[in-house]
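J.: Each chain, letter by letter, is given below.
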Amino acid sequence: GESVGLHLPTLSVQEGDNSIINCAYSNSASDYFIWYKQESGKGPQFIIDIRSNMDKRQGQRVTVLLNKTVKHLSLQIAATQPGDSAVYFCAENTAGNKLTFGGGTRVLVKP
Amino acid sequence: GAVVSQHPSWVICKSGTSVKIECRSLDFQATTMFWYRQFPKQSLMLMATSNEGSKATYEQGVEKDKFLINHASLTLSTLTVTSAHPEDSSFYICSARDPRRGLLETQYFGPGTRLLVL
Numbered sequence: 004g005e006s007v008g009l010h011l012p013t014l015s016v017q018e019g020d021n022s023i024i025n026c027a028y029s030n031s032a033s034d035y036f037i038w039y040k041q042e043s044g045k046g047p048q049f050i051i052d053i054r055s056n057m058d059k060r061q062g063q064r065v066t067v068l069l070n071k072t073v074k075h076l077s078l079q080i081a082a083t084q085p086g087d088s089a090v091y092f093c094a095e096n097t098a099g100n101k102l103t104f105g106g107g108t109r110v111l112v113k114p
Numbered sequence: 003g004a005v006v007s008q009h010p011s012w013v014i015c016k017s018g019t020s021v022k023i024e025c026r027s028l029d030f031q032a033t034t035m036f037w038y039r040q041f042p043k044q045s046l047m048l049m050a051t052s053n054e055g056s057k058a059t060y061e062q063g064v065e066k067d068k069f070l071i072n073h074a075s076l077t078l079s080t081l082t083v084t085s086a087h088p089e090d091s092s093f094y095i096c097s098a099r100d101p102r103r104g105l106l107e108t109q110y111f112g113p114g115t116r117l118l119v120l
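Protein sequence lines correspond, in order, to chains A and B.
The first sequence begins at 4 in our numbering and counts up one residue at a time.
The second sequence begins at 3 in our numbering and counts up one residue at a time.
Just so you know, these hints were derived from the structure itself, not from any lab.
Note that the Cβ used here is the ideal one computed from N, Cα and C, for glycine as well.
Incorrect hints may have been included.
As the list claims (entries may be wrong) - Label pairs and their calculated CB-CB ranges: (1) A:A27 - B:S85: 32 to 40 Å; (2) B:S85 - A:I23: 42 to 50 Å; (3) A:N70 - B:E61: 27 to 35 Å; (4) A:A81 - B:P10: 31 to 39 Å; (5) A:N30 - B:C15: 36 to 44 Å; (6) A:A82 - B:E54: 24 to 32 Å; (7) A:D34 - B:M47: 17 to 25 Å; (8) B:W12 - A:A27: 42 to 50 Å; (9) A:N30 - B:F41: 21 to 29 Å; (10) A:H75 - B:E61: 22 to 30 Å.
To be verified - Pairs of lysine to any residue residues, derived as SDA-like cross-links and limited to a Cα-Cα distance of at most 20 Å, are as follows: (11) A:K101 - B:Q31; (12) A:K101 - A:N30; (13) A:K45 - B:S45; (14) A:K71 - A:K113; (15) A:K113 - A:N30; (16) A:K45 - B:K43; (17) A:K45 - B:V13; (18) A:K101 - B:G63; (19) A:K113 - A:E42; (20) A:K45 - B:K22; (21) A:K45 - B:H9; (22) A:K45 - A:H75; (23) B:K68 - B:I14; (24) A:K59 - A:S43; (25) A:K45 - B:W12; (26) A:K45 - B:I14.
Said to hold, decoys possible - Every beta carbon over 10 Å from chain B, so not counted as near; a handful from chain A, in silico: (27) N30; (28) Q48; (29) M57; (30) D58; (31) G62; (32) Q63; (33) V65; (34) T66; (35) L68; (36) S88; (37) K101; (38) L102; (39) V110.
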């Protein structure tokens, strides 16, 4: 989900379970979307991307789904591990090849 | 993926002083770099786009005279926070696109610089 202001939504997940993080984007003209992972005190780390002419893309343990009809993006993490604990941001590529970031979701993996 | 570094990783300064932050692309030449600011528990907000050999393009609401950007080479962009004040305390992150991978490719981010203004 998205956050407003100083509150980051948190997803608590048991180690080994699957995680689903959702993101709503705003610009129907956006042509490229990326998911980033950010650990505390570090810069965002690329996870997976998808172009607007696709609706699904899979990577290693991660899958991104794109629904352009409702302007929704999701990230699925299979078999979530403690190292997956971080804040996850979706980003959309907008006019001028700039990235606009969503509010972020914190994922906490419980052992 | 491509590597982007930042220096320093953290800096503490007195109010009224200026601070320079460097962003380097280590294994590729970046004609375009981006500067973001991130406050605690918030998302990244684009401040400006740094273009090698030309003036930076600033986002609405970002003071160009306060946040000076210089992109003098294809591997280095600097952000100078002039006359810093406590409200400028934040996490500053740069990114760069690897031009070898085309326009519609992801930006690679630096590790960030935490600025604390006392």
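J.: Which earlier hints can't be squared with this structure?
T.: 6, 8, 14, 15, 22, 24, 28, 37 and 38
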